[in-house]
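Protein chains: 2
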Amino acid sequence: MPKNNLVILKLGGSVITDKKNNRKKINKNNLERISKEITEAMSKKGFSLIIVHGVGSYGHVIAKKFNLSNGYKNKHQIQAVAELYCDLKELNLEVIKTIKSRGMDVIPFQQSSAWKSHNKEISNPNLDVIKNYLALGFTPVLHGDLMTDDKLGFSVLSGDKIVYYLARKLKARRVILGTDIDGVFDADPNINKKAKLMKIVNSKNINNLLIGKSIAMDVTGGMSGKVKELLKLAELGIESEIINISKSNILKKSLCGQKDLGTIIKK
Amino acid sequence: MPKNNLVILKLGGSVITDKKNNRKKINKNNLERISKEITEAMSKKGFSLIIVHGVGSYGHVIAKKFNLSNGYKNKHQIQAVAELYCDLKELNLEVIKTIKSRGMDVIPFQQSSAWKSHNKEISNPNLDVIKNYLALGFTPVLHGDLMTDDKLGFSVLSGDKIVYYLARKLKARRVILGTDIDGVFDADPNINKKAKLMKIVNSKNINNLLIGKSIAMDVTGGMSGKVKELLKLAELGIESEIINISKSNILKKSLCGQKDLGTIIKK
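These protein sequence lines map, in sequence, to chains A and B.
Sequential numbering of the first sequence, starting at 974, is according to our numbering.
Sequential numbering of the second sequence, starting at 974, is according to our numbering.
Rather than coming from a laboratory, the hints here were simulated on the basis of the structure.
Worth double-checking, as some hints may not be accurate.
Note that identical chains are pooled: a pair holds if it fits in a single copy or bridges any two copies.
What the hints assert, rightly or not - With a Cα cut of at most 25 Å, we get these calculated SDA-like pairs of lysine to any residue:
hint : residue 1 : residue 2
1    : Lys993    : Asn1178
2    : Lys1104   : His1091
3    : Lys1239   : Glu1208
4    : Lys1037   : Lys1220
5    : Lys1104   : Gln1052
6    : Lys1142   : Asn1099
7    : Lys993    : Ile1179
8    : Lys1177   : Asn1043
9    : Lys1142   : His1049
10   : Lys1009   : Ala1168
11   : Lys1070   : Arg996
12   : Lys1070   : Ile999
13   : Lys1001   : Lys1070
14   : Lys997    : Cys1059
15   : Lys1142   : Asn1097
16   : Lys1017   : Glu1056
17   : Lys997    : Lys1070
18   : Lys1142   : Asp1123
19   : Lys1240   : Gly1126
20   : Lys1037   : Leu1066
21   : Lys1001   : Cys1059
22   : Lys1167   : Ala1014
23   : Lys997    : Ile1154
24   : Lys1048   : Leu1109
25   : Lys1220   : Ser1197
26   : Lys1225   : Gly1110
If we strip away everything but chain A, and leave its shape as in the complex, we get (with noise of 0.2 Å):
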């Protein structure tokens, strides 16, 4: 199914900000080294690239204390979610200024004011403006949002989801999923000394696996939603990998083609 050259790149919002404290915080380091990697890789390799990053300290406080994932609830969550929408803007300026400042032609696509959902669905929206700023050579910023939704008023559209719906509807080369761990353990790492990093996984060492509360979740899925959506890409013929980007070069490395640096997650 991928015929075209577009890789999509997952900016974890656990590795771009600073989500102690419960305060919104971007981790500067983070994101400018990451900036560094992407542009290097990318002025030695020719891909089309759209990049989608999580919003970690900058949406999940506000989301959480006003149940904003399940939808219009009373009149007090309005006000959260135009502070929500302000928070996501300023981190989303904050990352796109930061790579452009290494000489990448990267934009902000706001899916907020082009898509909707219909029950936390994404509903089938037009992507010409996305292709369209594809062929002319930009690389699209997106980020985890809040969506209005038909039936529910709002939903919450987390970076993950994003990243699913653009590769399959795209037809992505590849999808990378920078987190701020190995990739997919056998067991959890942080309980079970002996958990393994699992290299590939497929539809048959899935049940195989020990994920699900084993990794620590956020309010937006955790690595078990990721494994499962992932694999439905693979069912498609979209291999994709989950890499650790808040160690140095992992990210250049992978995004330069180099395919042992994390889980892969295959047909």
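Please build the complex by placing chain B on the supplied structure of chain A, with the hints as guidance.
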């Protein structure tokens, strides 16, 4: 035709930014005062509001320097466009933060992610998302922008064009164009000291007007263009006003319903 309680307000780029010195700079005094006036009027009168702001010194310099108004010509423009988007987001975020600090539920709406054009004309976008936001009680804040264009690569979308488009499609009750001049004059007030402010402009007296080159033009269309488009809205039954929002309290009075503050454009 107008059947709802929607007001569309344009905040002129020359009012909210400082256009001197060709460097991006916000006119903080004006922006603070305008935010206060909007919030006070909104708390007195219940209506839905869409705010569209111009880009002033945040857009015109790059747009002119790289000849962006005529579409894609060369790859140097791509970097300029990326720079422009970044500047526009910076301005938009500042506008939103300032208005929001007064307690209004303003949110960013990035029309360039949702809309595209064909040969400079907006290609019939789905307006459900913006309708959803209004229904939830938000005040979307849009701005002059650059869209991708199916024929030209990209095209400039002026704030004014957004206003006319949305007013027509969403059947606005009122349109208020906030500028830094008192309204439409019967001669160029900078040259002719006898120039009089026209209280009303309609299709009958339009031919007697000395507009066009008489009033300072900008790259996205000057006063004559504004009047022409507003007369088209008037034909649809949508009355509009051009007022001077660089002076105190004009905007507040206008939003509260007063009608003798500038030039009314009616059928």
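For this session: Pop the pair lysine 1225 and glycine 1110 into one bin, within, between, both or neither, using alpha-carbon distances up to 25 Å.
Result: within (20 Å within a copy, 44 Å between copies)
Exercise. Quick one: lysine 1001 to cysteine 1059, C-alpha cut-off 25 Å, is that within a copy, between copies, both, or neither?
Worked result: both (19 Å within a copy, 19 Å between copies)
For this session: Could you figure out if lysine 1070 and isoleucine 999 sit no more than 25 Å apart (CA to CA) within one copy, between two copies, both or neither?
Result: Result: close both inside a copy and across copies, 13 Å intra and 19 Å inter.
Exercise. Taking 25 Å as the upper bound on the Cα-Cα distance, should lysine 1070 and arginine 996 be classified as within, between, both, or neither?
Worked result: both (21 Å within a copy, 18 Å between copies)
Problem set entry | Within, between, both or neither: lysine 1142, aspartate 1123 at alpha-carbon 25 Å | Intra 22 Å, inter 20 Å, cutoff 25 Å: intra and inter.
Exercise. What label fits lysine 1239 with glutamate 1208 when the C-alpha limit is 25 Å: within, between, both, or neither?
Worked result: Close inside one copy (8 Å), not across copies (60 Å); limit 25 Å.
Problem set entry | Alpha-carbon proximity context of lysine 1104 and glutamine 1052, limit 25 Å | between (33 Å within a copy, 18 Å between copies)
Exercise. Are the CA atoms of lysine 1142 and asparagine 1099 at most 25 Å apart within a copy, between copies, both, or neither?
Worked result: both (10 Å within a copy, 19 Å between copies)
For this session: Please work out whether the CA atoms of lysine 1104 and histidine 1091 approach to 25 Å or closer within one copy, between two copies, in both situations, or in neither?
Result: both (23 Å within a copy, 15 Å between copies)
For this session: Go through the copies and call it for lysine 997 and lysine 1070: within, between, both or neither, with a Cα cutoff of 25 Å.
Result: Both: 18 Å inside a copy, 16 Å across copies.
For this session: Since the copies are identical, ignore which copy is meant and state whether lysine 1142 and histidine 1049 lie within 25 Å (CA to CA) inside a copy, between copies, both or neither.
Result: Neither: 35 Å inside a chain and 30 Å across chains, both beyond 25 Å.
Exercise. How would you classify lysine 1037 and leucine 1066 at a CA-CA limit of 25 Å: within, between, both, or neither?
Worked result: both (23 Å within a copy, 23 Å between copies)
Hints 1, 4, 7, 8, 9, 10, 19 and 22, counting from the list given before, are not met by this structure.
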